[in-house]
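**Q** One letter stands for each residue in the lines below.
There are 2 protein chains.
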Amino acid sequence: MNRFARRDSAYLPENFYNIKSDLPEIPAPPLHPGTREPLQPQDLAPLFPQSFIDHETTMERFVPIPRKVLDALSIYRPTPLVYASGLKKRLDTPAHIFYKYEGAGPTGSHKSNTAITQAYLAAEEGVTSLTTETGAGQWGAALSQAGSMFGIDVRVFMVRISYRQKPGRRILMEMFGGKVDESPSPLTDSGRRFYEKDPDHPGSLGIAISEAVELAAKDPDVKYALGSVLDSVMLHQTVIGQEAEAQMRELGMEPDVVVGCVGGGSNFAGLAFPFVRRNLTQRAGIRFIAVEPEVCPTLTDGERRYDHGDSVGLTPLLHMHTLGMDFIPPPIHAGGLRYHGMAPLVSHLTGMGIVQPRAFSQDRIFRDARLFLQAEGILPAPESAHAVAAVVDEAEKAKAENRETVILFNLSGHGFLDINAYAQNGA
Amino acid sequence: MNRFARRDSAYLPENFYNIKSDLPEIPAPPLHPGTREPLQPQDLAPLFPQSFIDHETTMERFVPIPRKVLDALSIYRPTPLVYASGLKKRLDTPAHIFYKYEGAGPTGSHKSNTAITQAYLAAEEGVTSLTTETGAGQWGAALSQAGSMFGIDVRVFMVRISYRQKPGRRILMEMFGGKVDESPSPLTDSGRRFYEKDPDHPGSLGIAISEAVELAAKDPDVKYALGSVLDSVMLHQTVIGQEAEAQMRELGMEPDVVVGCVGGGSNFAGLAFPFVRRNLTQRAGIRFIAVEPEVCPTLTDGERRYDHGDSVGLTPLLHMHTLGMDFIPPPIHAGGLRYHGMAPLVSHLTGMGIVQPRAFSQDRIFRDARLFLQAEGILPAPESAHAVAAVVDEAEKAKAENRETVILFNLSGHGFLDINAYAQNGA
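Protein chains in written order, with my numbering: chain A, 26 to 452; chain B, 26 to 452.
No lab work stands behind these hints, which were simulated from the structure alone. Some hints here could point you the wrong way.
Copies of the same chain look alike in the list, so a pair counts if it fits in one copy or across any two.
Stated by the list, open to error - Cross-link-like lysine-lysine pairs, in silico, DSS-like; alpha carbons within 25 angstroms at most:
(1) Lys113 with Lys93
(2) Lys114 with Lys204
(3) Lys243 with Lys113
(4) Lys422 with Lys114
(5) Lys422 with Lys93
(6) Lys93 with Lys114
(7) Lys243 with Lys204
(8) Lys93 with Lys243
Note that this is a predicted model, so its numbers are computed, not measured.
Only chain A is shown next, with the shape it has when bound in the complex (with noise of 0.2 angstroms):
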């Protein structure tokens, strides 16, 4: 029996879709940390499943998603395309606004996505234990739920800034059963590093990434999980964008320009990279924004070079836009986009100049979520506002050029559990 009777399942794919397969060249790959020479699959054996190592290095086009993913997934999706007539309203433009509300996940945002299958992989091969990073505390808050349902424990090292703005994402992840630590901590030799200087040390997602792979290193029963960043995990987002092909093409409409707020990129992939396919196989035209915070600025004002993904130098070398593995970004809300770092793959389509980035301020964003809260209903994560912020500017674009763009953009989460953000920035 279905869980969601009322789904019309035929939107969600059965498979994820791996750009890797359709780009001319592939990204440079990833370089052992020790050795600096190219990493081989076995290097991943200790931190992670061999099935999750397969979804990293494979070039498949087509990756089958388990059964029992897929029956966990349509708990909530497809989740819903909309059309947003209300801010087409509010802003007076001619452009067609569509948003995929991932935020109807059940906890809030696109990251169960990977959490899901990633947790259902490590249960296959007996793992009983995972540990991992949040920032703003979405992906923690959705490995912890798919812990909980493939009977995984889940431990999580929450960036202390986030920690302290968020305490509803902690709840969350205890209610789950997750235990959950402020980052830096005096519980691994990677916190102490910063905690001994200052114990209140906002962190970074990348001293967090530091900290939770050091215990999974050091500890046999203990695997590593990542909400971000690898190839795999872009891999699992795509039934993002596939999805919304699929809804999209039902409506007979095509998107001229598709938007997403990036951090590591898993959210932005998952929605373009289905849509990337198309300029690649069919020279489709379409154009892709990446949307990050002005004082995170990694593809806008990064450089692209090998970097590690954490801040101490555990993880091996990716090559990437980075700030470098020393930068602390400062405590902005939008706790999941404050990383050093970029997937390697969404760093390779923006040198190859597909995907275009774009960076705002924090007043900007919390101005235009406002707006998009009261012209659409939904009070965006803000992170997700930053996708919004840019897509007012195509829609001020499209009305001053008095063309019909259709502009499609990834609401990656809701916001209720950020609300005390909005209350202190006047919203």
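Chain B: place on chain A using the hints.
**A** Below, chain B without anything else, positioned relative to chain A:
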């Protein structure tokens, strides 16, 4: 163009269902608070738009849903009907448990169904200002959102204890442009009666109703909106049960038991009434369980008699179960259930023996909410958690009897903005 590309709109009905048309005997009429004579429709004209009064008094079986209301409802409707396989597994029960997830709406509860309808009807008659009460803030948020959608100013009297417990819902109302005051307030004669004796008076829905009604009665430019109790509000909420009927039909399932929490009765009625129709017209034999807090036991321990809908005596006398207009419920977290009365239609069906009431303690409902979160991934609002508790009992009974009982319940709202309540109660 549809706002929602993906929705199978076949589930969303085109009419509200009016249970009065199928009752062998209709409830005793409301009485004028001054004359104690049966209320005439025109007596309501100072408070409500005419088309709303028509909804209140009609005896037609099906009342067409206006096209613009259907468009607005289709932002989030049909809501999911979920097969609770996770809960079934945790309870190890042969019962089949389904829930309608009304938390998928923009402000997180079923209240938008009637808020959007009421705001639309008001706007069509040129109303530019509405006032109302709210307990936990679900209704106030829904009306603020609907007001923002149709260009109506909304002023909300929020019960003080909830105002203090749930700042997130207040912030949400304000972001939609709603103006929110704590009740009892010093702003009305009704509020001052309580405020002057105790400025920290926890308040009640009854007092907040008095304040809002008083404001609307004194100012011809302001109309009043009510989120529960009235026949018309039950009517608007029947979109829930009609969708559930269609969704279950597709699965070839029929409910044996239908469950909902009750404060004023609207989410329960919305789900139940289309199924009650089967008992009335086809002798279907479905059981209906209305669940309330032990400390506000309107149906389980109240009297059925005429009483005012508010605490001061400004509203018509309604024939209903009541704990007395002076009853001030203890400050439980399920603020939406802190009401001394009950919808006359729900009271009537309880009197007929069709609806069976149950009551649970706050400890019990928090326990079952946590169980539900872990099993299904959704955090229920404390109100909705009352329904969960009754479902757990029914599922355990089905296990004891080894029967595949089909249970359908209303998960009327999510608890993201109640998360501090869960934290304070050791969740």
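**Q** Between the shortest in-copy and the shortest cross-copy C-alpha distance, which are at most 25 angstroms for Lys243 and Lys113: within, between, both, or neither?
**A** Neither: 53 angstroms inside a chain and 38 angstroms across chains, both beyond 25 angstroms.
**Q** With 25 angstroms as the alpha-carbon cut-off, assign the pair Lys422 and Lys114 to within, between, both or neither.
**A** For Lys422 and Lys114, only the intra-copy Cα distance (15 angstroms) is at most 25 angstroms; the inter-copy one is 53 angstroms.
**Q** Should Lys422 paired with Lys93 be assigned to within, between, both, or neither, using CA atoms and 25 angstroms as the limit?
**A** neither (44 angstroms within a copy, 29 angstroms between copies)
**Q** Using 25 angstroms as the alpha-carbon threshold, which applies to Lys243 and Lys204: within, between, both, or neither?
**A** Intra 18 angstroms, inter 55 angstroms, cutoff 25 angstroms: intra-copy only.
**Q** For Lys114 and Lys204, with the copy left unspecified, which applies at a CA distance of at most 25 angstroms: within, between, both, or neither?
**A** between (45 angstroms within a copy, 24 angstroms between copies)
**Q** For Lys93 vs Lys114, is the C-alpha pair at or below 25 angstroms within one copy, between two copies, both, or neither?
**A** Close across copies (15 angstroms), not inside one copy (42 angstroms); limit 25 angstroms.
**Q** Indicate which option fits the pair Lys93, Lys243 if close means a Cα-Cα distance not exceeding 25 angstroms: within, between, both or neither.
**A** neither (31 angstroms within a copy, 60 angstroms between copies)
**Q** For Lys113 and Lys93, with the copy left unspecified, which applies at a CA distance of at most 25 angstroms: within, between, both, or neither?
**A** Between. Shortest inter-copy distance 16 angstroms satisfies the 25 angstroms Cα cut-off; intra-copy 39 angstroms does not.
Checked against the numbered hints above, the structure violates hints 3, 5 and 8; every other hint is satisfied.
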